[in-house]
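Novice: Here are the chains, one letter per residue:
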Amino acid sequence: MREAAARNAFLVSLITLCESIQVVIVAAVVLSFYPIILGDFLNSILPFFRDMVLPEREMPLFALFIGTNGLIYAAWLWVLRGRMETQEIFEDLKRLFLVQAAFVFVEAAAGFFIFTAGNPTMARVVLYAALGLCAAEHAWRAVRR
Amino acid sequence: MNKGVLKLWPDAVVIALLAAALWIPDIGAVTARIFMGDQFHHFDQCVLGPAWAHAAGAVLDIDVISQYGLGMPMVMAFFMKIAGGIDPDHLLTVMVWMYIFYFTLWYVFARIWLKNTGLAAGVLAFGLLTHLCHRNVYPFLLTYPSATVVRFCWDAVFFLLILAHVRVGRGIFLGLAGAMAGFAVFYLSSTGMCLVVAWAFYVLASVVLGNLSLKSAAAWGLGIPAAFAVSLGIALGHHAVGPELQHNLSEFNNYFIKGFGTTPIYESLQQGQYYVSLMGFFIPCVYIVTLTCVCGLLWLRKINSINILAAVLAVYGLAMYHYYIARSAGTNYFTVGIPYVLIAGFWASKVLNRSSAVPRQWAAWALAVGLAAALWTTPNARAYPNVLNLLGKSVLDPSITRPLPNGKPYFHHLASGNARVPSLNSLGESDEQLLTERDFTSDDKLKEFYRKEFDLSEDARLVAALVPPGEKAAVISSYDVRILSQANRKPFFYHYPFFLSRPMRMNSFAVPSIYTVGQLNKTLKQMDEAKPAFIFIEAVYAPQNARFANPGNGLLPVLMYVHSHYTPVAKGKYLMALRRSAP
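Here the protein sequences line up with chains A and B, keeping their order.
Okay, so the first sequence: first residue is 1 according to the numbering used here, each after it adds one.
Okay, so the second sequence: first residue is 1 according to the numbering used here, each after it adds one.
Keep in mind that the hints are not guaranteed to be accurate.
[Said to hold, decoys possible] Below are the DSS-like pairs computed for lysine-lysine, each with C-alpha atoms no more than 25 angstroms apart in a straight line:
#1 B/Lys350 - A/Lys94
#2 B/Lys573 - B/Lys452
#3 B/Lys573 - A/Lys94
[Said to hold, decoys possible] Pair ranges (Cβ atoms, derived):
#4 B/Ser355 - A/Leu133: 40 to 48 angstroms
#5 A/Arg50 - B/Asn353: 48 to 56 angstroms
#6 B/Gln361 - A/Val79: 40 to 48 angstroms
#7 A/Ala75 - B/Tyr275: 30 to 38 angstroms
#8 B/Met560 - A/Phe113: 34 to 42 angstroms
#9 B/Val517 - A/Phe33: 56 to 64 angstroms
#10 B/Asn211 - A/Ala27: 49 to 57 angstroms
#11 B/Asp431 - A/Phe33: 51 to 59 angstroms
#12 A/Arg50 - B/Ser146: 19 to 27 angstroms
#13 A/Asn43 - B/Ser213: 51 to 59 angstroms
[Said to hold, decoys possible] Away from chain B, derived, C-beta distances all over 12 angstroms, residues of chain A:
#14 Glu58
#15 Pro120
#16 Val125
#17 Ala129
#18 Ala135
#19 Ala136
#20 Ala139
Honestly, the hints are just simulated from the structure, not real lab data.
Computed from a prediction, not measured in an experiment: that's the story for all the values here.
Every residue, glycine too, gets a C-beta built ideally from N, C-alpha and C.
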């Protein structure tokens, strides 16, 4: 029973990881449409060092990643309350993890080409399609439940 | 001899091997190599500059900036004085000893926590491999104090105290851990805050799990602000409560938050460093999976409370990882990678614990030997100037001082590309003596050259003759830290060290470590308000050369101010002394 709980908890952690990665990707995509406004800050830096100013949103996205993980995991524990020690949910969790991992893999591959191949249109299309499919999959699961 | 002592012999062997792997037998030669490589740029900016300022009586972050925490330079100055003095040789010696103690403490932690000698030895080897011998560190980690144990040395003590609390349950350990975290905030605020977060998480989790009452958690928690306030009060006195300190402490953090000095996380991908990039993404995933999984199982009461340490390590790791998130260079994730190493050991123990005792021990030792072999065959481990690697070799051997990845020599690599001034250097010569590794036939020749070049006693005598003891000396030089320590005088400028170092014999201008218009104005205002009687400046910055200064950095306005208010009156070796002539 202890073994089953450990396996289930580990799988739920992995599923949570995949889901929170996707939340971060969605947030990063949305934020990419809103450029960071520096205001007067750039003028306060001496010209010699201005190319060292590379404003980014990675800190808040990292915080979002950690926070989302906590929330999603807590939600999973609530959804699976009383069943975490059972064998029967293991196969369902495994299947769900594989689906989520496949989505993350496709999105990461698209992200790889966006950053290394000059943001090609095809990579963006694949990324948006994967995110859309993932959202549809979540919606379908919710309706079925 | 009793059996208990005999049982400890494998631990003694592991620690002896660790000490042998980390000990540098010829500190002088390695220091000389660092001098030739970056002219102590990283030593000075991180530790030696503020450490000397503190030792000379300046108040850190009030009189002189300390970019890496308030307490760190004070603690390092204390240890360097014990070792023999505030200079690069003793800084390197102190760092080596810190590493030996630091990894020994983590070994003790892993040994008690994981209850397996082989696995603890494996964790140690993996720690050295991940942190100290990382492939992106060039030529070896101790060249860059800000990326070393100097940054986060108190975490090993902190986690030993938390381990003691988990095992024994006595509140005093929790209080001491809190005090350690509070002191760590004073030592270096960013890493200290990570320990505070780890402490708070541990206490919160213990309260939720019913292992600790809220009342005692709150009582022991007072240790954090108490330790911080006491350290700050002792170190800074009445300055500790002024708004100036608060402003100065937050200055660099604010630049960071606004994007100055940050690096995008995809940069390593764009540079083709795919392994580095992958690890940069993988490590926080390990932290988060460990945190959620362990917390879930603790909540469900399916594992015992000793496992909470993995979650606390994960929280600490995530907090520390903000450093890499902000500055996502390939040379940065290993800096904050120690919690990852311990968590890898935790998961390895979970896998090994599925087998019975004897195979578990064998498998753990096999893992340790495998990791030690991986460590031994890593180029950076082979280049570490320890006893074994230096056996019959010089530090100049190409396997120890490897050329840069682009094939260029390591010596003078930061400065050799600088634009030259169409004039002679500060000595009135055209020979810059930018020697490379190939120009030295032995370590003794290297050390002799270093001692000669780094002896600035002639300039120090000039400074000491014109500035009375106890007063601040305004020195504008790449080697201001050395000159002031040899002259035994306080630094005048708040932004000190004044320059990003370059060799003194070069006929090029160094770049001041003044990054903003505000910092430049502060420097000019300092000279205008305090009106120091003398300013000491390298002769290459003579009035006739001032027009060659880059208008984009802060040097030109500083030179214009100096030459319009001061006139040369005396000459040392590299420096000229200028007396104030204008009101």
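Novice: Hints first: check each against the structure and report whether it holds.
Specialist: Now the hints, each set against the structure:
no.	hint	verdict
1	B/Lys350 - A/Lys94	holds, 20 angstroms
2	B/Lys573 - B/Lys452	holds, 12 angstroms
3	B/Lys573 - A/Lys94	violated, 74 angstroms
4	B/Ser355 - A/Leu133: 40 to 48 angstroms	holds, 42 angstroms
5	A/Arg50 - B/Asn353: 48 to 56 angstroms	holds, 55 angstroms
6	B/Gln361 - A/Val79: 40 to 48 angstroms	holds, 41 angstroms
7	A/Ala75 - B/Tyr275: 30 to 38 angstroms	holds, 34 angstroms
8	B/Met560 - A/Phe113: 34 to 42 angstroms	violated, 51 angstroms
9	B/Val517 - A/Phe33: 56 to 64 angstroms	violated, 32 angstroms
10	B/Asn211 - A/Ala27: 49 to 57 angstroms	violated, 36 angstroms
11	B/Asp431 - A/Phe33: 51 to 59 angstroms	holds, 57 angstroms
12	A/Arg50 - B/Ser146: 19 to 27 angstroms	holds, 23 angstroms
13	A/Asn43 - B/Ser213: 51 to 59 angstroms	holds, 54 angstroms
14	Glu58	violated, 5 angstroms
15	Pro120	holds, 14 angstroms
16	Val125	holds, 19 angstroms
17	Ala129	holds, 21 angstroms
18	Ala135	holds, 22 angstroms
19	Ala136	holds, 25 angstroms
20	Ala139	holds, 24 angstroms
Violated hints, in rising order: 3, 8, 9, 10, 14; the structure is consistent with all others.
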